[in-house]
Amino acid sequence: MTTGQTLLKTNALTKRFGGLVAIDALDLDVKERSIHSIIGPNGAGKTTVFNCIMNFFPIEGGEIRLSEERIDNMTPDRVAFRGVGRTYQNIRLFKNMSSIENILVGMHMHLKSRWWGAVLRSRHSRADEKKAVEEATRLLQYVGLRGKGDVLARNLPYGDQRKLEIARALAMKPKLLMLDEPTAGMNPSESLEMVGFIRGLRDQLGITILLIEHHMPVVMGMSDTVTVLDHGTKISEGPPDHVKRDKKVIEAYLGQSGVGHMA
Amino acid sequence: MSFEIIASSFQHKDIEQSQLRRTLKCGAIGGGTVVALCVFGLINQFMERWIIENLLSLAHAAFIGITLTVGALIAIRSPKLSPAARIFQGFLVGMVSGVFLSILILIMATFDIRNMFVSLSPKLLMFLSYGFDPYTACAVTIIVGGVLGLIGAAIRESPPWLRKPLITGLATAFFIGLFAELLQLAMQYETVDPIRDYMFTWEGQTLTGAITMFVLGFVLSLFWVMRGKQVMANHRAKSHASQRSIRYFLYAIAIVLFLLFPMAAGSFFGQVLMLVGLYVLMGMGLNLEVGLAGLLDLGFVAFFATGAYTIALFTADNEHLILLIDRPLTWWEALPLAMFASLMMGLAFGIPVLKVRGDYLAVATMGLGEIIRVVVLSDMASPLLGGSQGLLHIPRPWIGDFELNDPIHLFYLTLISSIIAAYFAWALENSRLGRAWMAIREDEDVGQALGINLVNVKLLAYGLGAWFAGLAGAIFAVMLGSIFPHSFQLLISINILALIIVGGIGSLPGVVVGALMLIGTPELLREFGEYRFLAYGFVLIVMMRVKPLGLWPSAVRKRELAAAAEAEAQMRATSGQKA
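Protein chains in written order, with numbering that gives the first Met the number 0: chain A, 0 to 262; chain B, 0 to 578.
Derived from the structure by calculation, the hints contain no laboratory data.
A hint or two may mislead.
With a straight-line Cα cutoff of 16 Å, these simulated EDC-like cross-link-like pairs (lysine to aspartate or glutamate) come out [said to hold, decoys possible]:
hint	chain 1	residue 1	chain 2	residue 2
1	A	K94	B	E52
2	A	K94	B	D444
3	A	K94	B	E441
Below, a sample of chain B positions facing chain A; criterion: calculated Cβ distance under 8 Å [said to hold, decoys possible]:
hint	residue
4	L427
5	A438
6	D444
7	V445
8	G446
9	L449
10	I451
11	N452
12	L458
13	L459
Here the structure is a predicted model, which is why all the values come from computation and not from measurement.
No residue lacks a Cβ here, since even glycine has one placed at the ideal position from N, Cα and C.
Excised from the complex, chain B in its bound form (with noise of 0.2 Å):
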C-alpha cells in the first residue's frame, strides 16, 4: 500500500510540472531536431530534393512538419489548460524552435566553424537566412516559427472530422512528392502519361499535383471520418455469408493488385522488392529460432552464407565447380542440397550453444557467425570456396526454356518461398513442437521438467531456421550471379534480428512490415547515401520507445500488453481511491 502511495505521489507530479518548463523542452526538443539536422548535414541534401517543383524542398518540409509536430505536442502535453491556451502555447513553443534556429544563423554568420562542421556552409546560410541579414533572418525565423507551431496546436485542437482530413491529405501529398521520381519510373506506359505529365515533372511534384494530391487525401479521409462508421456497421448488419464474400472479395483484390504491381512497377522496383523478400524469408527463418523458441542467434547469416555457397559449389561453370554427374547441377537440382545443407550446418551450429542461455547466446552465435566467414575467407578454403575472389557464374533458374533472370521473376520466387515459410511457421505454432519451443522461450528448466527434450527441439529450431535462410540463400546466389564472402557480413544477421524486433516478435505479418520498414525504405531512399542509416537507428530508437512490441505485434503479444494495461489501470484506480 505505502508502494501505492509513492508511485501515485509520482503520478501527481509529473502532471504538476510547470507550464513554462514543459513549454521550453517541447521547444527545445523541436529547435533541439532542426539544429541537429543542420549540422550532420541533412539539410543540404534536402535541399536538392523538391517535394514541390521549385516551391517546396525536402528541407522546407522537415522545418514545417518538425514544427507542426511540437506545436501539436505541447497542445497533447497541456491538458489543464483551455483550447485557446493551449494554441497559444503552440505559438511559444514554435517560437522557442525558431530561437534555436536563429542562434545557428547568428553563429553562421559571425563565426566560421566550417573547418569543425562541414556541413554549416555558406549556402546553409542563405537558405536558412532566405537571404535577408542575419538579424532580420532571425526576427523572420521566430516569427514563422511561432506561427507554424500555432498552426501545429491549432490542427490538434480542431475536431477530428477536420484534423484528420488535413493530416491524411498533408501526408498524402508529402508522401508522393518524396517518391515523385520512383513513381514516375514506375508510370511508365503511355495511357497513364497524361496522369503523369499532370503530376510530375522530371524536377518533381507539380503544384497542381500536390494540390490534387491533397485534396485527394482530404476528401477521402472526410467521407471515412464522417461515413466510415456507418459503412462498417452497414457491413456488420449483413449476413456473416456475405460479410465473409466481400472481405474474400477485398482479399483477392489487393492480392492481384499485389502481384501485378511489381510486374507494373519496373525492374527498380522489382529489386527492391525482391530484397525485401529475402529479407523476409530469413525474417520468417530467424522468426522460428528467436520469436517462437526464444533462441537468440546473431549468427544466422552463416545459414543463408551456406545456403549460397552450395548452389555457387554445384551449379557455377567454374574451377571450384563440383559435379556429382557429368554435367554441372541445375539450380532446381542444386535447391534440395542447399537446404539440406543449411539444415546441417543449423545442427552443427546448434550443438555446441546448446546450454548457452539469453544473451550469452546471442554472443556465442555472433562468434560461430564470424567463424564461418573467416573460413571462407582463409587461404585454407580458398581452393574449394574461393576465397575473397568468390565463386562466379552462377547461372540463372529456368523453368522450361523460360530463364529466370529478372529481378520481378525472382520476387516471385522468393515471394512463393516465403508464403511457404509463413506456412510452416504458422502451422508449427498450434503444433506439439511449437508448444515445447514457446514452453522452453517462457522457462525452460519447467519445459525439460516436463520431459521436453532440450536438445532435440532446440536443434529442430535451428534446423528449420537454417533451411529458410539456404533457401533464401540459394535464391540470392543466382540474383547476384556471384557470391563473396564479403556479401555475408555481420549486419545482415543484426538486420534480421532488428526487423523481427520492430516488425513484433513472434508475429508473421510483423516480418513483412519489418522488411519494408528497414529494408525497403532504406533501398528507396538511396540518393541520401550515408544518411539513411542516420535515420535507420533514429527509427530504431524511436520505435522501441514508441511501440516496444513491434508495428505488427502477435496475437500473444497483444494480449499480454492488454493484461499489463489493465493491472495498471486497476492499481491506479485503486491508489487513487486511497489518496
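So here's chain A without its partners, still in its complex pose (with noise of 0.2 Å):
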C-alpha cells in the first residue's frame, strides 16, 4: 500500500531553539495516499516537526520537499497553496466565527472573488460565493455538523470543535493534511470513530495523511508507517508492527527498566 511515491520528504531538517536541539537531522519520507503517523514521549518534537513543514519558523538546516519542490523558504500561505492543510493540537479555530464562516475561511484560497467584485455585488462574485456557501455546507455534513453552521465555534461541543478544525483544513482541499492528535480528549468509541473517519480521507479523498497521535491503538490500527521521536531524534520507523517490537521505542517511552517487563 504504501508503494506510491513519495509526497513530503524531509532531509537532515533541523531545528534549534536558542541552545535547545529540538529536531536534530530528521528524515521523514511520507509516501503519496498513506496514513503516516508520528509518536513520541512529550517534549520530543513533533508538533515542531509540523511547524517547520508548514514554515512557522525558518529551519536551521536540513530542507522539505513537497512532491519535489522545496517548500522550506516559503512563508505558511504559499505552503498552504502547494496543498498542506493542519490542525493544531490545542484547537485553534475561528472562536468569534461561526461554523460556517470557519470553513468559509478554510476555502479561501479557492475563491476568486475579489473586493470590488464584494462591493459591487457583481454577478460572478455573489455566484461564487452562493458555490462556497454551498461547499461549506456539504463539508459540514461530511464531517457531522449538518445544521451547525450558524452557531459560533465557541460554542462547539469539544468534540465537534475537532471536527470543525479537520473539515477547515479539508475545506482547502490539501494534498497532505497534518493531524495534531486527532484523538486527543476523546474516549474510545469516539477515538474509533475517528479512525473510521481518517481512513475515509485517505480511502475516499485520496488525502494523505500525516498524523501525531498518543494513542497507541490508533496509530497502530490505521497507520501504514509509524516514525518514533525522542528527544528530536528518529529512532525507530517502520510498519507498525515492526516499531512496537523495537527496543529503542520501548525505552523512550517506558525507560530501561520497562524493557524487561514488554518483553
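Combine the two chains into a complex, taking the hints into account.
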C-alpha cells in the first residue's frame, strides 16, 4: 500500500531554539495516499515538525520538499497553497466566527471573488459566494456537523470543534493533511469513530495523512508507517508491527527498566 | 471543582459586606464627587448656567442629581433589606454625602486655601452656604442631602410605572434646559416664536417650560410603560407585510427628519454635525482596520492629512499649486487624486509594520503618523507644502453654478460619503476579504496557514481604511479653506480610535453613536471650555467600566457577551449546587 510516490520529504531537518535542539537531522519520507504517524514521548518535537513543514519559523538546517519542490523557504500561506493543511493540538478555530465562516476561511485560496466584486455585488462574485456556501454546507455535513453552520465555533462542544477544525483544513483541498492529536480528549468509542473517519479521508478523498497521536490503538490500528521521535531524533521507523517490537521505542516510552516487562 | 468553591466563597463574601460599610462607601462616592466638582472649579462654571431661569442652576442640578443617584445606588446595593429600610439607607447615604460637603464648607470658612485651590472662592462659599453662617449651612446641607438621598432611594423603590416616567420627565426637563440656548438658536422661525417664548428666555428655560417638558416626558413615558407592551403585541399580531410597511414608514420619517434637521437648525448645528460627519467617515475607515482586521492604528491622521494636502496642492490658488492642466483642478477633479494619494500612503504605511502585532503595532503606527506631521513641518518640505504657514485659499466645491459654501452643504457631502463608506464596510464584512480580515484578527498564524496572504489582506485593510480618511481629509480641506500641519495632531487619531471603542468595535452604528458622543457633545458644551475634556476623560473611564463592549456593540460581540454570561451563569449554578 505504501509503494506510492513520495509526497513529502525532509532531509536532515534541523531546528534549534536557542541552545536546545528540538529536531536533529530528521529524515522523513511520507508516501502519497498513506497514513503516516509520528509518535514519541512528550517534548519529542512532534509538533515542531509540523510547524517546520508549515514554515511557522525558519529551520536551521536541511530541506523540506513537497512533490520534489522545496517548501522550506516559503511563507506559510504559500505552503498552504501547495496543498498542505493542518490542525492543531490545542484546537485553534476562529472562535468568534460561526462554523460555516470558519470553513469559508479555509476555502479562501480557492475563491475567486475580489473585494471590488463584493462591494459592487457583481454577478460573478455573488455566484462564487453562493457556490462557496453550498460547498461549505456540504463539508459540514461530511464531518457530521449538519445544521450547526450558524453556531459560533466557541460554543461548539469539544468533539465538534475537532471535527470543525478538520473540516476547515479539508476546505483547503489539501494533498497532505497534518493532524495534530485528532483524538486527544476523546473516549475510546469516539476515537474509533475518528479512526474510521481518517481512513475515509484517505480512501475516499485520496488525501495523504501525516498524524501525531498518543493513543497507541489508534496509531497501530490505521498507520501504514510509524516514525518514532525522541528528543528530536528519529529512533525507529517502519510498519506498526515493526515499531511495536523495537527495543529502543520501548525504552524511550518506559525507560530502561520497562524493557524487561514489555519483553 | 476546588476553584469553583473558592470562586463561590468570594461571591458569598461580597454579599455579606456589612451594611454600614456599604452605606459609607456609597455616601463617599456621592460626597467625593460633589467635593471634587467644587475643587476643580466646575461648580463655579455651573453656577452661571441656568437649567430653569433664576431658580435652578446647573450646579444645583448636579448636586441634586448626584445625591439622588447615590440614594438609588444604595437601594440597589442592599437587596436584603426591606423596602422601607432601603429608603432609610438612602437617607443615611444622602447625609454622608452632605457631611463631605459640610467639611468642605467648614474648611473654606475657616482657612484661606485659595492659593492652592483657585476655585474655592468666596463666591463658591456663598453659593454652598446659601448665605447662612457656616454651622447652620452645614446642618442644612446634611439634612437636604439626607432628604435627597431618601427621595432617590424612594424613586428607585417605587413601582416601574411611576419610576420610569419620573426619571424620563426629569431627564427631559434637564436636557432641554441644558441645551436651551442651542435649541433657541435652532428655533429662529416666526412660526415657532410663541413656543420659543413660552419655553425659553435668553437666560434659559422658563419654569413653565420646564414643567411642561417634565409633564410631557412623564406622560409619554407613562403611556409607553402602561401600553407599550400592548402596542408592540398589536404590532406583532399584524401580518409580516404590514409590519414591514410600518417599519419602513417609520424609517422614512426618521430619515426625512434627520435630513431636514440641519437645515432647520441653523449653521452652528450644521457645523457640529459636519464635524461629527467627518469623524464618522474616518471612523468607518479605521473600523475596517481595527474593527475587522484587528490592526490597531494610531497614525490614522496621516491619511487624513494626505487627503487634505492633496486637495490643497491641486486646487488652491497659491504659489504651492501644482498644475496638471493649464488651470487649477476643481475639487471634484482633485478628489480622486486625493483618495488615490491616501490609498498609496496607506500602502506605504502598512509595509514597514506588516510584521508588527498588537500593542506594538499601535506604537509603531503612532510613530509613523508623527513622522508625517514632522516632515510637513520641516524646512525641507516647506517649499512644497508650506511648512507651518500651511496652504491657504482652498476653493469650495461647486455643483454646476451652486457653490457648496455652507457647513450644512458640506455636511450633506459628508453624509453621503459616510453612507458609501458604511456600505463598503458592510459589503466587505461578509465577503472573502472580510472573512480573511476577521480570521487574522482572531489568529494570524492559523489564518496564514490556511492560505491567507497576510501581506495582501493587511495592505488592503490599510489602503481601504486610508482611502476613506483621504476622502474625509478632502472635505476637511474645503471646510476650513486652509490647512496647517497643526490640524493633524496625534489627538485626532486617538479620538477616532476612542470613538470606535466607545461605540463598539466593529459596529457600524457604533461609529455614529461614538462620534456623536465624543465629538458632538463636547462641541455642544463648548462654553465649559477646558472642563469638557475633564468630562471627556471621565466619561471614557465610566464607559469602559459600565459598557466595555461599547454603546452599540456589533452583533458578533453581543453574541460573545451572551455566551460568556451564559457560561458564567452555568458555573454559578453548578457551584451553587455543590455548595
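Check: So which hints don't hold here, by number, going up?
Finding: Numbers 1, 12 - these are the hints that the structure violates, sorted from lowest upward.
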